[in-house]
Amino acid sequence: MTGNNKQPKEIQRREFISKTILAAGTALAAPGILLTVANAKSESEGASSNVRWGMLVDSNKCVENCTACVDACNEENGINLLQRPSGQDDGMWNAQRPQWIRKVKLQDRQTGEITNLPLMCQHCESPPCVDVCPTGASFKRADGIVMVDRHICIGCRYCMMACPYKARSFLHQNVAEQRVHTPRGKGCVESCNLCVHRIDAGATTTACQDACNKDGHQAILFGDLKDPDSELSQMLRQKSSGQIRADLELNTGVRYTSL
Amino acid sequence: MHSSSGILRGTGLIIGGFFALFSTLVQSGSAVTPGSKAAGMDACVAPTGEIRRNHMDYLKHDRIKVVQQGVRDVKHSLAECIACHAEPDAVKGGYQPVNGAGQFCNGCHQYVAVSLTCFQCHSKTPETGGPGDDIPTTGNAHEGLKSTSDQRIEPGERGGPLMEELAQLHELSREE
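From first to last, the protein sequence lines are chains A and B. For the first sequence, the numbering used here begins at 3 and goes up steadily by one. For the second sequence, the numbering used here begins at 19 and goes up steadily by one.
Everything labelled a hint here was simulated from the structure, so no lab data went into it. Glycine included, C-beta positions come from ideal geometry on N, C-alpha and C. Possibly wrong hints are sitting among the right ones.
To be verified - Only pairs whose alpha carbons sit at most 25 Å apart, straight line, appear in this in silico DSS-like list of lysine-lysine:
id : chain 1 : residue 1 : chain 2 : residue 2
1  : A       : Lys188    : B       : Lys55
2  : A       : Lys228    : A       : Lys107
3  : A       : Lys142    : A       : Lys107
4  : B       : Lys78     : A       : Lys142
5  : B       : Lys93     : A       : Lys142
6  : A       : Lys107    : A       : Lys168
7  : A       : Lys188    : A       : Lys241
8  : A       : Lys188    : B       : Lys78
9  : A       : Lys241    : A       : Lys228
10 : B       : Lys110    : B       : Lys142
11 : A       : Lys188    : A       : Lys142
12 : A       : Lys188    : A       : Lys63
Claimed, not checked - Among the chain B residues that face chain A by a calculated CB cut under 10 Å, a handful are:
id : residue
13 : Lys55
14 : Ser133
15 : Cys136
For reference, chain B alone in the conformation it holds in the complex:
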């Protein structure tokens, strides 16, 4: 590493980087959390080294497929990362938030100072209940979803001005 040649030093750095990677793993074992579904499995959705390096790009690539193209059976689904990697909460039941302190999506990120915004919107835990509960495919499926919030939005109408306005629109379309 202390040799004078820049090329040599660069190569050294790269090789060193790999060793650093492996030694980190040897030190801390795998980032996979105990008790998660992943803990009982051999492989991730991509080879370990690959997912470790590229998961951010895969996720961003696949979310475009899902949201804009409607292709739902993507390989890198955030919901599925969470379903497989979340650790059950032994105390409270259910799961611990996957981005909580020491949890799967937090450990590495804290180290490299990456702060994910994903979980402002995306659920931090898998859907509780059977895996089949997840996607409602048939009629009245919404009945199966439980509301856990006390402060529910009251059903009803939005106030006056809109009604007035639409009444006018309505007349307009009548007059035609």
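For reference, chain A alone in the conformation it holds in the complex:
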């Protein structure tokens, strides 16, 4: 048997295949054991349903033509690494390029009053995007963050049709360059995930909130809706706030004051 090297190529190849079959067998047995070990070690670190992440946006403090939050989001999540396909016209590019957060300017037709606000995934308690997803890729984490598991997403875009906030984007072309902590690629739907990689690493703010604070506007406040002592909960008690399209009864995690 030690003479393997001298055997013709074909036989070596077959033995390699049999080795692979063996490997598959072991693989079937092993994960069960592993699961318990991994669970014991890091259970406490996972997303917990004792927490519900949310946000309060004060639209009064949101300044027209300021794009600090949008820029910060693009930077944080590598959205600005996407290249415009050569030859694509402005209209198509603007309609299709991903935006996790965008500035919206509203004008009341009756009074003419103008409201500016950042609009992103509203992290609904009963998210329509999760309802319609055929693969389970669109899901809500235990801590209320609604996001896409891009390993499972098949790019059907039902969720984009279902979302009343137009908060989701589809990636139409390859990403030339990637960042370690924000993998993304062609063919999947994506949206604001409340900077989940930062939050899981222990951060207490999102990139958009940081940017807004840095520019002195303080219009965005991120926090735990379930913790009565969180700054967010306190603010929500003090100020009158609302949900966009409250009539849909989605119980959004993102709330707006002065709407």
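We have chain A already, so just place chain B on it with the hints.
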């Protein structure tokens, strides 16, 4: 191997498979690339034989933990495979793509005709800069991330129809 019994032949194949595995290694040494962090270490995140056979399942198991359950300190993190196994690029600086020709995640796969889709999304190189740069944990961390692309998305708004529509939504929620 040429014996008539099927059982014997099967056993022979299996044992032969093991020998083939070891002889491949003797021939080519280890798949670990020179200059990578792994090159200076004794062991992988799992015993060598085990990771060699099962890494695909471990990775898929652990990505569910990370993405869906938010458990970040998993044993088999793709980012960490790459951080440890990528080979520095002596010519250009930085690292060579870990799935490039002859690189760690490419050699074996090419042989068994496995084509990974992972790197359409996942970075093929470790984050350059200190290991502490990787995960922003405190405020304004995004400032530390450098943008290397020229064609940046211009900040601003998405065109007209959405505004119109939202204006209507807005009125709706007012009227309530």
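Against the structure, the hints:
1. At roughly 31 Å between alpha-carbon atoms, Lys188 (chain A) and Lys55 (chain B) are farther apart than 25 Å, so this suggested pair is violated.
2. Our distance criterion of 25 Å between C-alpha atoms is broken by Lys228 (chain A) and Lys107 (chain A), whose separation comes to about 30 Å.
3. As the CA atoms of Lys142 (chain A) and Lys107 (chain A) are separated by approximately 29 Å, the hinted pair breaks the 25 Å bound.
4. The hinted pair formed by Lys78 (chain B) and Lys142 (chain A) meets the criterion: a straight-line CA distance of about 20 Å does not exceed 25 Å.
5. Our distance criterion of 25 Å between C-alpha atoms is met by Lys93 (chain B) and Lys142 (chain A), whose separation comes to about 24 Å.
6. Between Lys107 (chain A) and Lys168 (chain A) the CA atoms are separated by roughly 15 Å; this keeps the pair inside 25 Å, and the hint holds.
7. For the suggested pair Lys188 (chain A) and Lys241 (chain A), the alpha carbons sit about 42 Å apart, so the restraint of at most 25 Å is broken.
8. For a cut-off of 25 Å, the pair hint linking Lys188 (chain A) to Lys78 (chain B) stands: about 20 Å separates their Cα positions.
9. The hinted pair formed by Lys241 (chain A) and Lys228 (chain A) meets the criterion: a straight-line CA distance of about 17 Å does not exceed 25 Å.
10. Annotation: proposed proximity of Lys110 (chain B) to Lys142 (chain B) holds, straight-line Cα distance about 15 Å (limit 25 Å).
11. Restraint check: the Cα-Cα separation between Lys188 (chain A) and Lys142 (chain A) comes to about 22 Å, which is no more than 25 Å; the hinted pair holds.
12. For the hint linking Lys188 (chain A) to Lys63 (chain A), the alpha-carbon distance of about 36 Å lies beyond 25 Å, and the restraint is violated.
13. For Lys55 (chain B), the shortest C-beta to C-beta distance to chain A is roughly 15 Å, which exceeds 10 Å, and the interface hint is violated.
14. Taken as an interface hint, Ser133 (chain B) does not check out: its beta carbon lies about 15 Å from the nearest beta carbon of chain A, beyond 10 Å.
15. With a cut of 10 Å, the hint placing Cys136 (chain B) at the interface with chain A holds, because the nearest CB-to-CB distance is about 8 Å.
In this structure, the hints that do not hold are numbers 1, 2, 3, 7, 12, 13, 14, in rising order.
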